[in-house]
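Protein chains in written order, with this note's numbering: chain H, 1 to 237; chain B, 238 to 531.
In short, the hints are calculated from the structure, not lab data. Any given hint could turn out to be false.
[Said to hold, decoys possible] Straight-line alpha carbon distances no greater than 30 Å define the calculated DSBU-like cross-link-like pairs of lysine-lysine that follow:
| hint | chain 1 | residue 1 | chain 2 | residue 2 |
| --- | --- | --- | --- | --- |
| 1 | B | K516 | B | K391 |
| 2 | B | K278 | H | K131 |
| 3 | B | K516 | H | K115 |
| 4 | H | K131 | H | K121 |
| 5 | H | K106 | B | K516 |
| 6 | H | K115 | H | K131 |
| 7 | H | K121 | B | K516 |
| 8 | B | K278 | B | K439 |
| 9 | B | K256 | B | K488 |
| 10 | B | K384 | B | K412 |
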Amino acid sequence: MSATASRPSADPAIFRARRAENIVVGEEIVRHRFASRAIHWTVALFFFLALFTGLPIWTPIFGWMAHLFGGLSVCRWLHAWAGLLFFGAIGVMFVHWLGEMRLEPKDREWLRPRKIVAYMKFEGDDEDVGKYNGGQKLFFFAAALGAVGLLLSGVILWFPLEFSRPLRELAFVAHDVTFILFVVAIVFHVYLGTAAEPGTYRSMIRGTVSRPWARLHHPRWYREVLGASSSTNRPPR
Amino acid sequence: MTTQNLEIRRSSASLWGEKTGMRHLPVVSKLIDTTTCIGCKACEVACQEWNDLEAVPTQQTGTYQTMPELDPEFWNLIRFNEQEFDGGVVWLMRKDQCMHCADPGCLAACPAPGAIVQYENGIVDVNPEACIGCGFCATGCPFDVPKFHAKTGKMAKCTLCVDRVSSGLEPACIKACPTGCLQFGTKDDMVALGHARVEQLKANGFANAALYDPPGVGGTGVVTVLRHGDHPEWYGLPRDPTVPVGVRFWKSVLRPLGVVAMFGAVIGAIGHFMYQGPKEPRATDVEPPPGPRA
């Protein structure tokens, strides 16, 4: 960094990606503006905080994780508060993205098992996939529903002595089943967002994707963005 | 929990190697003969004194019972129950306390390694140093015994006077009992004594007398002679106590399944990547965009 630098050396797309999304900036397309990315990573932060403080309570196999936070007694209250914050963050995310995540008839088609298998085999790309495909939308709603399940069962486990015995036993099972499914889903969410589909991770860090990426993964969104931007497709000075 | 002479058979939240006992010790048990209990509460006082527990205010609820439930500072409670029977009323007294189950639900439910231990002699004990005060043991216990102590943030319950027992003494409550309705010895001896007493009762016209040693929790370290053995609930005892299904399902089914599912997902993702590789756009994937290029 030179003290005499008078103009930013970074990609102009980054500056546009602070406030606007679904626009073309040079060779880049802004996919997630700063607010979307900040909300996403806040959810992720509290998810992993709750996960790593919860796993050592769940089974001694992960007991070593408790030491990252100062012991199991710390986890016992930190897990509950991290869970609450996670639920709050995912609530904000739900409201933030709900408009873009509405399931359309095309998405229901995408969610047929044969289509999902074809997707994982990278076959039969659908020209009609918009900004989010059916799987992403399903994950969005499943995560929100899972968060509600984790909250309800989690509150019972937090204050077990205030609730009836059958409710407590049910909470054990419900909290476990929900979080196991959640973790499995998150593993694939992280995998698809990083190694499996290069260029995706960047959309959640810088906020932008390349044109070929958009054309490949979200063709209809690509066409819509290009159409809307064709007249104003100028990078900022 | 005594920190010397540890002969641990089982320890909570341990998967392997929790057994530390070098010697084989006989399993001990109390025998409570409810038919000779006079409700004097000497055992309550002895428990408070030996364990140096604070005085808990008596609650008047219309019975002789000192308070409605066990308390973190009150581990030994004589329950007084009135029951209509044979055209009259029977007045039943039973010493309520930790039952020291052979298969303890509290230990199964406890998530903190070593917070609940079972010694070689069968005594089930809470180690406050390891306890995180989550209260899961209360869910695991079919007798509703462990209580949360607000001052320490830990669970507390009867230790079967493990400190006295490991020094060769009988528990304080046994020492104090004036009628001999409380006995202490090996489990085998107490069961034999209990059965002998049950036979005596049956010979005296109490055909339903029975020894309460519920098999659902592997038997208990406190066996109880009941005159109305066909109605343990009259004494506030569950008919067929077991470790709760939810706790068992968590520990025995969901936990191994979940660990396999999580690691399976990671291995599946790696396998998919090795087999399928990344999904990347080819150069031919991009059409010339409509309109002027910047």
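Consistency of the hints with the structure:
1. K516(B) x K391(B): Violated, at about 53 Å.
2. K278(B) x K131(H): violated (74 Å)
3. K516(B) x K115(H): holds (16 Å)
4. K131(H) x K121(H): holds (20 Å)
5. K106(H) x K516(B): The given pair, whose Cα atoms are some 22 Å apart, holds under the 30 Å limit.
6. K115(H) x K131(H): holds (18 Å)
7. K121(H) x K516(B): Between K121(H) and K516(B) the Cα gap is close to 9 Å, so the pair holds against 30 Å.
8. K278(B) x K439(B): holds (27 Å)
9. K256(B) x K488(B): holds (19 Å)
10. K384(B) x K412(B): Roughly 25 Å separates the two Cα atoms, so the pair holds.
The structure fails hints 1, 2 (numbered hints given earlier, in ascending order).
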